[in-house]
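*Asks:* Listed here are the chains, written in short residue letters.
Protein chains: 2
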Amino acid sequence: MTRTGSRGETATEIPAGEAPAVILVEPQLAENIGMTARAMANFGLSELRLVNPKNGWPKKGVREAASGATHVLDCATVYTSLPEALGDLTYVLATTARERGQMKRVFDPEAGMAEMLSRAGQRTGVMFGRERVGLENDEVSLADAIVTFPVSPDFPSLNLAQAVLLVGYEWRRASGRARLPFSGEMLSPPATRAALLTLFGNLETALDAAGFYPPEKRAVIARNMRDMLHRMAMTEQDVRTFQGALRALNRSRKADGAP
Amino acid sequence: MTRTGSRGETATEIPAGEAPAVILVEPQLAENIGMTARAMANFGLSELRLVNPKNGWPKKGVREAASGATHVLDCATVYTSLPEALGDLTYVLATTARERGQMKRVFDPEAGMAEMLSRAGQRTGVMFGRERVGLENDEVSLADAIVTFPVSPDFPSLNLAQAVLLVGYEWRRASGRARLPFSGEMLSPPATRAALLTLFGNLETALDAAGFYPPEKRAVIARNMRDMLHRMAMTEQDVRTFQGALRALNRSRKADGAP
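Going down the list, the protein sequences come from chains G and F. Throughout, the numbering used here is defined as the position within the first sequence, counted from one, plus 1. Throughout, the numbering used here is defined as the position within the second sequence, counted from one, plus 1.
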């Protein structure tokens with residue numbers, strides 16, 4: 002589905018309601034909300050719910066920070082209470098950085114998103130807390146389980162948009178939609194053994210003629226070079242290129258009067 | 002290893018040289034470099050190499066954007082050429098968003114970091130390009146392989162620090178260091194079957210006395226409620242809490258003259 006340009010329409014390649022909603026509780030900075038929208042768009046999430054944004058909504062600077070993901074901002078919904086923002090959802094995860102003394106299941110982002118995907122067809126959501134203090138315990142208590150991030154203990158503080166990014170990334174991977182934009186397919190098929198052995202033979206003949214090998218080490222050096230060449234995983238084109246280079250060097254050598 | 006406070010010392014819990022170096026080619030904005038440092042610190046990377054930072058180094062505003070990850074900035078090294086910046090490394094990945102027509106292997110971040118970890122003990126690095134135009138083909142050509150990101154085709158553009166974050170996240174996971182800061186261990190052990198059956202019995206007795214069940218549906222409703230209670234995965238404490246709530250309701254009911 003491509004963007005039609007109408008304000009208010011979601012414009013993602015993922016059908017509405019399939020990806021989790023992202024719920025921000027009392028977000029404060031325009032920059033964080035804008036970058037959250039961008040992070041969501043990067044991984045195909047589009048449903049943003051804001052609970053009591055601090056200092057009002059919309060915010061000056063949020064569209065710039067969204068860097069093109071303005072469709073997410075345009076479709077964002079604003080709530081005055083968290084229960085209301087979660088009302089239609091049937092599975093909710095809360096992101097926290099710190100232990101909360103609650104007996105809730107704790108997932109890393111990969112496991113949390115797998116759990117979410119196991120509820121395919123349900124309306125799901127992930128809650129993110131205030132920039133400074135995160136979610137309150139009563140807010141975490143509204144969720145089914147917790148997601149936390151495997152960060153370094155020396156520097157555990159992720160910013161809001163980065164937490165959203167990691168959740169979006171893992172959701173997209175869990176959903177099976179994480180295809181790379183391109184792959185490294187060889188433009189030429191792998192070389193056959195016959196082609197390689199011909200190349201090896203030509204190379205060794207040229208090196209013999211150039212007096213490269215110390216006689217007592219010839220066998221070992223030749224085998225080591227074959228090993229190197231095997232590691233190149235040459236394609237048919239690679240072999241032709243290498244053969245061409247060898248021939249050019251040989252012609253040049255012979256032109257200089259070599260045997 | 003905790004930070005000693007000396008400028009120039011790395012201060013991470015990961016030994017120097019174990020994590021890949023992060024090489025930024027001609028980075029422009031202080032904010033991006035600072036947020037890159039923060040993203041690195043979040044996942045335990047600490048070696049930042051800058052190649053020809055645009056408009057000089059250090060940059061105004063970079064320390065604020067690093068939000069405390071200033072140890073990464075303090076230890077950053079600056080190079081005037083990319084070959085020089087890569088010189089001591091033995092395995093290098095280049096991040097690109099677009100197909101380059103090169104016959105290089107392309108990894109997603111998870112596979113790329115697994116490949117990197119398979120070279121444990123080697124000095125490795127990941128290259129990131131300019132904010133607007135990324136890496137040039139000749140620069141990509143200095144790497145062993147490519148890493149690209151499984152983003153939405155509708156919105157494929159990740160910002161620099163977010164690309165670094167995803168690579169750092171996947172590296173930490175591949176390295177086996179991705180432990181969560183806390184887990185959801187039950188403070189009380191799971192309830193035994195005997196404790197559950199006692200609870201079921203008490204609940205059903207109370208509901209019988211309260212005239213809850215329509216007689217013809219009693220068996221089905223009772224089984225469905227047992228099913229719900231099984232899904233709670235109750236701990237011993239949960240059972241005690243539930244029993245206490247039932248007793249309180251019963252006392253209150255009887256006090257009102259119920260049977």
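Honestly, the hints are just simulated from the structure, not real lab data. Be a bit skeptical, because a hint or two may be false.
Since copy identity is lost for identical chains, a pair holds within one copy or between any two.
As the list claims (entries may be wrong) - Calculated pairs, SDA-like style, for lysine to any residue (alpha carbon to alpha carbon, straight line, at most 25 angstroms):
#: 1; residue 1: K255; residue 2: V141
#: 2; residue 1: K218; residue 2: T206
#: 3; residue 1: K61; residue 2: G135
#: 4; residue 1: K105; residue 2: G185
*Asks:* Next step is simple, just say for each hint if it's right about the structure.
*Replies:* Status of the hints after comparison with the structure:
no., hint, in the structure
1, K255 / V141, "neither (80 angstroms within a copy, 36 angstroms between copies)"
2, K218 / T206, "within (15 angstroms within a copy, 91 angstroms between copies)"
3, K61 / G135, "within (23 angstroms within a copy, 29 angstroms between copies)"
4, K105 / G185, "between (43 angstroms within a copy, 6 angstroms between copies)"
Hint 1 from the list above is the single one not met by this structure.
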